[in-house]
Amino acid sequence: MYLLNESEVIRDIGRLDRAWSEPETFVFLSDRSGVPIEWVEQRMALFPESFREGHFVLMTSGSTGRPKLVVGLRKRAERLAAALHVVQDSEPAKETAVLLPLTYCYAFVNQWLWARLKGRKLVLTAGFGQPDAVLKTLAEAKDCLLCLVGAMLPMFAAHIPEGVSFPGVARLHFAGGRFPQEKLGAILRYFPNARIFNNYGCAEAMPRLTMRSLEESNEAANIGRPIPGVEMKVGDTGEMLFRSEYGAVGMCDDGGLFALGENDWIPTGDLGEQLDGGCWRIKGRTNEVFKRFGEKISLLQLLETVQTQWRGQAAFYRECDLSGEDGHVLVLAPEATKGQVQEILRAFRQSHPRTHWPLRVESIVTMPTLPNGKVDYGALAASEGKTIHWRQRI
Amino acid sequence: MGNREKLKDLFVDVFLIEPSEFRFDLTREEVNTWDSLGVVSMAVGIQETFGYHMRPEEAVAIKGVGDIIKVLESKGILFE
Chain A
179 MYLLNESEVI RDIGRLDRAW SEPETFVFLS DRSGVPIEWV EQRMALFPES FREGHFVLMT
239 SGSTGRPKLV VGLRKRAERL AAALHVVQDS EPAKETAVLL PLTYCYAFVN QWLWARLKGR
299 KLVLTAGFGQ PDAVLKTLAE AKDCLLCLVG AMLPMFAAHI PEGVSFPGVA RLHFAGGRFP
359 QEKLGAILRY FPNARIFNNY GCAEAMPRLT MRSLEESNEA ANIGRPIPGV EMKVGDTGEM
419 LFRSEYGAVG MCDDGGLFAL GENDWIPTGD LGEQLDGGCW RIKGRTNEVF KRFGEKISLL
479 QLLETVQTQW RGQAAFYREC DLSGEDGHVL VLAPEATKGQ VQEILRAFRQ SHPRTHWPLR
539 VESIVTMPTL PNGKVDYGAL AASEGKTIHW RQRI
Chain B
11 MGNREKLKDL FVDVFLIEPS EFRFDLTREE VNTWDSLGVV SMAVGIQETF GYHMRPEEAV
71 AIKGVGDIIK VLESKGILFE
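So the protein lines, in turn, are chains A and B.
Residue numbering for the first sequence follows our numbering, starting at 179 and increasing by one per position.
Residue numbering for the second sequence follows our numbering, starting at 11 and increasing by one per position.
Isolated chain B (complex conformation):
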């Protein structure tokens, strides 16, 4: 499974969205379950899935799926 699929599965699992709701340009405002606890849950999920420990300030600053990809790619975790 590629990193794009892994990220999609993680999102669906953490925010309990439908797979069909997921987009790579999805923003935080569009997901009503992306609250402060969701941020923590997402950060833990990213560590488990991609092995990167996101700092709290990084996790809070994320505004959408694209920002997560940017953070992970800056750490050498590629999505192409």
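So here's chain A without its partners, still in its complex pose:
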């Protein structure tokens, strides 16, 4: 078993191809994970002999902020990439441009592994760290498959000149968070020829569980149907559980290493329900639904209220109020005006009882994000330079 750094792979993509072909298990790590190598090496020492060949290991902190190594079986990942090719009708795509970190399971499977298996061209970029290169890559794209997370859309708005579009993008996938339904107008302007898909999964799924095409629903929370080989059900507490022939075979975190059995039902970390017609709908993260003064609070629902009035980014972090009761703080990015905040507060008053209102409304120039583009909730609570627009005084 050995470590493979993202920077090493960016310099020579063949390094990843060779690692995939060789039997020895490798741990593919981002240079920006912030997790000490010693932590990783200590976890690697826990791996049994059966995991030391034919596997690959990625690191995730997902939305929890706690690092976790996820162990995948290469054969399973290849089967998933092949299945995605079919259900996402990817045959017309001749290349894929990578704007996300390649160590992100989404980019790793949906793009790198897909390109390898299907003989497609892989175009690496440094993401919006080098916006001019992104612009050039997308402008030159031809029959291109692109994977994005919704949190990247503000970067398009910031770096892509108005009126510029990318007709060479033929397939556009969103994953890694809520589908940005309210930004659809802008997405269609950027990518007028793309077929658009909402993808859903989690690290334990390695990473894909369901998929829906844009046309199937106009609801952001609709994640579509399980892909062939995936079963889903709702657990006793409303949490969505899955069983997948592509899923991870092991996980390793501060609590040690544990194997995931083929027949285990694994929690996705989200609450959900199956809709008529077979599609699934997310009702919130398990840690985003909580009781406040005895009332059930769903941060996902509150976010939907915010987004009726706010076109920028919005996120909640959890905080107790002065009485010690669980509460939540709303953060907007970029900086909001007094009038914009008033509109959001008006929407809260009209749609929710006071127990659902945030303890504060804050705004910040840029939302702190993890390398995978998701909001860094740990940093969000501690971020300096936030403006407090309103507070409940409780």
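The set of hints was computed from the structure by calculation and includes no laboratory data.
None of these values were measured; they are calculated from a predicted model.
Be careful, since some hints might not be right.
To be verified - Below, in silico cross-link-like pairs of lysine-lysine (DSSO-like), each with a Cα-Cα straight-line distance of 27 Å or less: (1) 361(A) x 461(A); (2) 253(A) x 411(A); (3) 552(A) x 361(A); (4) 85(B) x 73(B); (5) 516(A) x 18(B); (6) 552(A) x 474(A); (7) 564(A) x 16(B); (8) 16(B) x 516(A); (9) 253(A) x 296(A).
Unchecked claim - With beta-carbon atoms standing in for the labels, derived distance ranges: (10) 335(A) x 45(B): 35 to 43 Å; (11) 524(A) x 83(B): 25 to 33 Å; (12) 68(B) x 415(A): 40 to 48 Å; (13) 212(A) x 68(B): 49 to 57 Å; (14) 77(B) x 496(A): 29 to 37 Å; (15) 362(A) x 83(B): 50 to 58 Å.
Unchecked claim - Derived list of chain A stretches under chain B, where covered just means 3 residues or more per stretch with a C-beta under 8 Å from a C-beta of chain B: (16) 527 to 533; (17) 558 to 572.
Idealized CB from N, CA, C, for every residue including glycine.
Got chain A; can you put chain B on it based on the hints?
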């Protein structure tokens, strides 16, 4: 800014009512956001704005804006 304006601004902020909805004879029954948490929020706001710490029984007994003015005026905080 006078105390009347300060009280109006506080009400608008605590109960998220429109400025045009505010009246000095407004009662608790007329404001659907004037619930038990609103009472606490209002009491904290009064302390921050007028420096008077309202006792819980005082805060709960208030039936309208006029009662707040009466309590504050009894403490020497005038609204004329």
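Hint by hint, which ones does the structure fall short of?
-> Violated: none.
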